[in-house]
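*Asks:* Let's have the full structure, built from the sequences with the hints guiding it.
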Amino acid sequence: MVNFEHQNLITITIDNISFQLKAKQNFSWLKKFGEVFCVFDEQDSGNISFGVKNNNRKFFVKYAGAEPKDFSGNPKDAVNRLIKAIPVYKKLEHLHLIKLLDHFTADNGYAAVFEWFEGECLHSHWSFAGKAKYNHPDSPFYRFRNLDLQQRLTSLDMIFSFHTYVESQGFVAVDFYDGSI
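Quick note: the sequence shown uses the numbering used here, first residue 1, plus one each step.
Hint data in this document are derived by calculation from the structure and do not stem from the laboratory. Watch out, some of these pointers could steer you wrong.
[To be verified] Calculated lysine-lysine pairs in the DSS-like style (CA-CA distance at most 25 Å, straight line):
hint, residue 1, residue 2
1, Lys99, Lys32
2, Lys90, Lys53
3, Lys24, Lys99
4, Lys84, Lys99
5, Lys31, Lys91
6, Lys131, Lys91
7, Lys131, Lys53
8, Lys31, Lys53
9, Lys69, Lys31
10, Lys90, Lys58
11, Lys22, Lys69
12, Lys91, Lys24
13, Lys133, Lys84
14, Lys90, Lys131
15, Lys90, Lys76
16, Lys90, Lys24
17, Lys58, Lys91
18, Lys69, Lys91
19, Lys99, Lys53
[Claimed, not checked] Here are the computed distance ranges between Cβ atoms for each label pair:
hint, residue 1, residue 2, range
20, Asp44, Thr13, 33 to 41 Å
21, Asp157, Tyr134, 19 to 27 Å
22, Leu149, Asn54, 33 to 41 Å
23, Ile83, Asp175, 15 to 23 Å
24, Asp102, Ala132, 32 to 40 Å
25, Phe160, Tyr89, 15 to 23 Å
26, Arg81, Glu42, 12 to 20 Å
27, Asn135, Thr164, 29 to 37 Å
28, Ala132, Ile10, 22 to 30 Å
29, Glu42, Ile83, 21 to 29 Å
Here the structure is a predicted model, which means the values were calculated and not measured. Note that beta-carbon positions come from the ideal geometry of N, C-alpha and C, so glycine has one too.
*Replies:* Right, here's the structure in full:
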């Protein structure tokens, strides 16, 4: 069976990193942050994110306004969600939350720049779908589950610490799952 949903995708290459979108997009504004070394383009949120390095510093740049291949919504809705998230990021600044450094209008969308954090998403469905997430030895979820108990409990304490803070600020955490870690 042919999947027509991903037909006619446009391949974009930035600093030797290639990815596909449903429509052409200008990312020249990324150059001011440095060299793109990775892309997170298989999200269904309407965002596309980049790992960018500049000398010894790395950044995580989240952008709404493009048409990622796995996004079926309106890019303007993704832009509005990202803009509305900025004051929440600011209010919830915490030791265990990635730090927001900047945010701005870029091309036809909106960008948020964060400090880089070395790690892997525990729900990397783009690399380890289905049962492989749970039993493949290279899966981040599998490797996390096989860490020493104390390391896992330390992670859990950090998550609880942040969620306690979220509640103290009048917010309720929703849609929190292994893809959020």
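*Asks:* Evaluate each hint against the coordinates.
*Replies:* So, going through the hints one by one against the coordinates:
no. : hint                        : verdict
1   : Lys99 - Lys32               : holds, 19 Å
2   : Lys90 - Lys53               : holds, 23 Å
3   : Lys24 - Lys99               : violated, 30 Å
4   : Lys84 - Lys99               : holds, 17 Å
5   : Lys31 - Lys91               : violated, 29 Å
6   : Lys131 - Lys91              : violated, 38 Å
7   : Lys131 - Lys53              : violated, 34 Å
8   : Lys31 - Lys53               : holds, 10 Å
9   : Lys69 - Lys31               : holds, 23 Å
10  : Lys90 - Lys58               : holds, 20 Å
11  : Lys22 - Lys69               : holds, 6 Å
12  : Lys91 - Lys24               : violated, 34 Å
13  : Lys133 - Lys84              : violated, 32 Å
14  : Lys90 - Lys131              : violated, 37 Å
15  : Lys90 - Lys76               : holds, 22 Å
16  : Lys90 - Lys24               : violated, 31 Å
17  : Lys58 - Lys91               : holds, 23 Å
18  : Lys69 - Lys91               : violated, 32 Å
19  : Lys99 - Lys53               : holds, 16 Å
20  : Asp44 - Thr13: 33 to 41 Å   : violated, 23 Å
21  : Asp157 - Tyr134: 19 to 27 Å : holds, 24 Å
22  : Leu149 - Asn54: 33 to 41 Å  : holds, 38 Å
23  : Ile83 - Asp175: 15 to 23 Å  : holds, 18 Å
24  : Asp102 - Ala132: 32 to 40 Å : holds, 37 Å
25  : Phe160 - Tyr89: 15 to 23 Å  : holds, 20 Å
26  : Arg81 - Glu42: 12 to 20 Å   : holds, 18 Å
27  : Asn135 - Thr164: 29 to 37 Å : holds, 33 Å
28  : Ala132 - Ile10: 22 to 30 Å  : holds, 29 Å
29  : Glu42 - Ile83: 21 to 29 Å   : holds, 23 Å
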